[in-house]
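Please work from the sequences and hints to get the whole structure.
Residue numbers (this note's numbering), protein chains in the order written: chain A, 677 to 1013; chain B, 677 to 1013; chain C, 677 to 1013; chain D, 677 to 1013.
Calculated directly from the structure, the hints in this document are not laboratory data.
Please read all numbers here as calculations on a predicted model, not as lab measurements.
Worth double-checking, as some hints may not be accurate.
No copy is singled out in the list; a pair is fine if it fits within one copy or between any two copies.
As the list claims (entries may be wrong) - No more than 27 Å apart at the CA atoms, straight line, and that leaves these computed lysine-lysine pairs for BS3-like:
| no. | residue 1 | residue 2 |
| --- | --- | --- |
| 1 | K794 | K1012 |
| 2 | K746 | K991 |
| 3 | K991 | K682 |
| 4 | K1012 | K746 |
| 5 | K794 | K746 |
| 6 | K794 | K682 |
| 7 | K1012 | K991 |
| 8 | K746 | K682 |
| 9 | K1012 | K682 |
| 10 | K991 | K794 |
Now for the letters of each chain:
Protein chains: 4
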Amino acid sequence: MIIILKQGVSTREIADVVARVEELGFRAHLSQGEERTIIGVIGDERRIDPAVFEVMPSVDHCVPILRPFKLASRDMRPENTVVRLNGVRIGAEEVVIMAGPCAVESRSQLLETAFAVKEAGARVLRGGAFKPRTSPYSFQGLGEEGLALLAEAREATGLPIVTEVMAPHDVPLVAEHADILQIGARQMQNFSLLHAAGESGRPILLKRGIMSTMEELLMSAEYILTHGNFRVMLCERGIRTFETYTRNTLDINAVPMLKELTHLPVIVDPSHGTGQWRLVPAVARAAIAAGADGLLIEVHPRPDQALSDGGQSLKPETFHRLVLEARRVAEAVGRKL
Amino acid sequence: MIIILKQGVSTREIADVVARVEELGFRAHLSQGEERTIIGVIGDERRIDPAVFEVMPSVDHCVPILRPFKLASRDMRPENTVVRLNGVRIGAEEVVIMAGPCAVESRSQLLETAFAVKEAGARVLRGGAFKPRTSPYSFQGLGEEGLALLAEAREATGLPIVTEVMAPHDVPLVAEHADILQIGARQMQNFSLLHAAGESGRPILLKRGIMSTMEELLMSAEYILTHGNFRVMLCERGIRTFETYTRNTLDINAVPMLKELTHLPVIVDPSHGTGQWRLVPAVARAAIAAGADGLLIEVHPRPDQALSDGGQSLKPETFHRLVLEARRVAEAVGRKL
Amino acid sequence: MIIILKQGVSTREIADVVARVEELGFRAHLSQGEERTIIGVIGDERRIDPAVFEVMPSVDHCVPILRPFKLASRDMRPENTVVRLNGVRIGAEEVVIMAGPCAVESRSQLLETAFAVKEAGARVLRGGAFKPRTSPYSFQGLGEEGLALLAEAREATGLPIVTEVMAPHDVPLVAEHADILQIGARQMQNFSLLHAAGESGRPILLKRGIMSTMEELLMSAEYILTHGNFRVMLCERGIRTFETYTRNTLDINAVPMLKELTHLPVIVDPSHGTGQWRLVPAVARAAIAAGADGLLIEVHPRPDQALSDGGQSLKPETFHRLVLEARRVAEAVGRKL
Amino acid sequence: MIIILKQGVSTREIADVVARVEELGFRAHLSQGEERTIIGVIGDERRIDPAVFEVMPSVDHCVPILRPFKLASRDMRPENTVVRLNGVRIGAEEVVIMAGPCAVESRSQLLETAFAVKEAGARVLRGGAFKPRTSPYSFQGLGEEGLALLAEAREATGLPIVTEVMAPHDVPLVAEHADILQIGARQMQNFSLLHAAGESGRPILLKRGIMSTMEELLMSAEYILTHGNFRVMLCERGIRTFETYTRNTLDINAVPMLKELTHLPVIVDPSHGTGQWRLVPAVARAAIAAGADGLLIEVHPRPDQALSDGGQSLKPETFHRLVLEARRVAEAVGRKL
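So this is what it looks like as structure tokens:
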């Protein structure tokens, strides 16, 4: 960390700041500029809050030098993390497609979708049993019954399951039925849930919050990693911007940027990232061209009957076409699909 | 809800949309414009998702007509809700000041602050025992020990306590020690927690998320209200913007706008809203001038030793001056403090 | 436009709104919902401001039905607009690459870059003579001297030139030397400049403002189109978000969304869209996979000596590799490059 | 500026960066941390772009130490700048109210408003002759005819005039008729216009862009100040956020923050800052309580007939009440009005 002092501070004030740095167990390195004096804080700055210095009257502001995440960083682990489950390898050469309905609505809806996405090329089945909804008046998901249906769909198709868990006390139940636990965008900083996810030992699909930076996403991953659970996949699913023609703005930059910053696999969700089914195929192709390790896509046999997110769900035949097009792009960038 | 059809739709397509509207239990009202046909959906639109129509090929988009919150709206309850506790009335004539440290750090730190803020004019003591932190390496709060210290401070000073609860399973424990349960900005859409808060029957201080709209804040309040718990206070604590000179941007418009939309009291937190102690007094005065029912302010006897948020904490003497200045503004707008 | 009235309005108040609608030359269409009365305004709503009704005491709010742009919309012109210049066709099957230095710095720098990008496959040469800079202390461009160098580079290489014009009174001068006039992101709503660009008759590259919606971009294009100048290319170059690890956030959704909304070609600038040269190739590939008609890329022979934007400029050899990779993606999505 | 090197750089690479620093005319100061080496750049960093170093392969990133504005900073000029015109002093003890219609529409509309706002307590008359509008189909202002009407209103009432200028070539004309030249939010980074405003020698009211930071606002002011024109007033008029219930979000933090950063007067525009007339009085009071030096308020005798911004315009009687309430708040914070 660098401490930048105010203009015209006295020798005495400088000495006070140096003393505070040393009192906290760091070494201080003084540098006299033309207009300002700055003090370098030598040691592991992740342990301290810049405010500790910023409240001192002679301090103007502090600048952190190190990235605050450790376990998630590529500096720590230069090799890509590969999450293996049921023969699927996420984070390796293959671009893995996870697809299925936004919400599990019924046995027939789920099974019909599951077989369709499997045939089209999906390797993981998605489906929500617990649904986070802005309004208490909206459909909240089938809950435990939905989990049982997902387990049945796995039996029937052999596809591993990814589904959202919303509360720490539901983690054991969901972990019993699902292969991958999804932490939703709105829960990205639900720290109790992150701890429970870390303890579960299960692969985690961590979605970036619609208002969160990549650094915050990586810090939330760090919460899970500190429990020794390294099977974490990051998911870019669009952020909130001023644009109104699309529901969210998919941050395509995040794909190469995260691949540079971290060893964890990066999944892209073009369904939430656009909010409009017509835009999903183009953005799915873009994600692969940018280097994504996987896609998460909403598919529904009859989107006009869907209880949630119908507007961004693909019909099975559109999804099938998407996979064919995506495969060509994957091959153009040296990946498989 | 209004359904706007695409240009050049056929009579048959219009009939299909009308049929779908009626199938869902609504009446349809057709209106032929010069360029577009629109269909009004007559009935309680809060029960349906616009996507149900938007996925139909002849539909361009839908526009909701009604605000999605009911119980929180002033239409439903024109009178101000007044939350009463220990002789304090929040939402009435008096502007109520809640103050105390960001985090409970020790018995002496808490008691010293508690007595100081009481003497200066605070009516409620704040202090965090469970601390949501972006980094797993930051101080996470004293937890249950902190709650016990808060209970002791209440005994000693007579001030009611507001403190954050982070997980649904902690609600009973926190409700045992605290008078008001705070739901933090990052948990505003932690729906499991909102349900638990609703069931607790305790007064709730619900903070607006840093990138949430007022409508989303009111929908989160609605989750609590549907449990019959109407003692909910809304807290504007700053939103994330592009500005870098301040930590957050306090949305002053939200004060009169929320007072118009809802009967619930509106509290302003200028400490998080600015992130810099030097700006807190000016913004606290502004909040009162705009009509806030209360303030939530961080005070620490030695901000340079604080384990969190030292940079935005006031010293007791600065807080005392703030109260005196705020009182003059309160009187200028016909309130008491 | 739909006018939504307040709850409980009287017959008299409804009649007043209807009268106002008709007074302004529109027809009114009344629809009685369960909770609200709404009034459809029949006629070309682009001619009126919703505020005209919103200030009436019985009106809650208005909702526009039609998109506000006409000439730019695909409804008006279903076929793609193709901008032709010097044998290059922008908006047709070929993905057109425009490349060159951020700023023209010297004759040798420009010519060296121009030959290099031509050889690698660029079809248009970019280079700034007038540079909009946040700080008055930064390099402001070579001005007219830069224009002369650009003209010389065109002679030497045969590549048409795109360069920014910043003030209406400079339009004739720049139009004399350049083939395409660029309107920068910060000038997207400089309406005097848009008028002058419309009158110039030259092809225009209109960059989306970092804070602007697609609708605003299309409305700015509309300013140019109303002068009969239809040779307008839209450029997505990243918007401002909360992300700090990248300079801007490239809005990849805008590519398919704009292609659906408008007949105008869509160009993507991954250099400004990311702000980091290491991310440029991945995002360039993504843009093509999403359907972009062209790319605008900064190239500098010695980025560490660049007077502006060195951090996002590619070296010629990296640019050459980018073109090869981009070509494979273009072919995978059925385009040429 | 601080240069932070990558992990594990060699002695040779460090020497290269030091050499580059010195080559550019600065001194380098080396500091060896536990994980990183950093280099302090000693000299006036405002002259260089961090990218100059960031493109070097051994450099991770750079951190500026100094604020980039000089002439606008309070460090340079600790005393408040007071702008004097026609006996009005802006930036002194009095809170100065500028009021009038959004657009000049007719002689009678303007004169009626001018006399009404003068009587209520306004000290400056506002009114737009050149109107920047998102749509080319909206009313664009009366232009030169509007300027003549403004001049007539000044004659009649004695109030000085503030009006917007949109293009550099219009500056002499507008300066002939108006006392204060307004640079609108969308033109805040129209650098040609800023230069012309600087040369005009007239007082300038510089509005903050709707997605601009305070630093960018101050850098735009700096453009004007470098011409020796120090009569610049900054205007906070709301920024774009995700909130949809209000048109913009007034950044109340900007008032005390700007007063700390700069010596220039700070004006607040609650009309644009909220976009809704009902919210204007509360936010106007808040602005004064936070320390604003003046207010800019839209008043129209018949808002429902206004050609622009009717929804945020106050009727004269509401404006009159606002002034009375604002005066009480001004006195409560030790100001006059």
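Do the hints match the structure? See the list:
Taking the shortest Cα distances, K794 and K1012 sit within 27 Å of each other inside one copy (17 Å), while across copies they are farther apart (33 Å). Within a single copy, K746 and K991 get their C-alpha atoms no closer than 42 Å, and across copies no closer than 32 Å, so neither meets the 27 Å cut-off. For a Cα distance limit of 27 Å, the shortest separation of K991 from K682 across copies, 21 Å, qualifies, whereas the shortest one inside one copy, 61 Å, does not. In this homomeric assembly, K1012 and K746 never come within 27 Å of each other (Cα to Cα): the closest approach is 30 Å inside a single copy and 43 Å across copies.
Taking the shortest alpha-carbon separations for K794 and K746, neither the intra-copy value of 37 Å nor the inter-copy value of 42 Å comes in at or below 27 Å. Taking the shortest alpha-carbon separations for K794 and K682, neither the intra-copy value of 63 Å nor the inter-copy value of 34 Å comes in at or below 27 Å. Taking CA atoms no more than 27 Å apart as the test, K1012 paired with K991 passes inside one copy only; the shortest distance there is 24 Å, against 30 Å between copies. In this assembly of identical chains, the alpha carbons of K746 and K682 lie at most 27 Å apart only when taken from different copies (15 Å versus 31 Å within one copy).
Taking the shortest alpha-carbon separations for K1012 and K682, neither the intra-copy value of 56 Å nor the inter-copy value of 33 Å comes in at or below 27 Å. Taking the shortest alpha-carbon separations for K991 and K794, only the intra-copy value of 14 Å comes in at or below 27 Å, while the best inter-copy value is 44 Å.
Taken one by one, the earlier hints fail for this structure at numbers 2, 4, 5, 6, 9, listed in ascending order.
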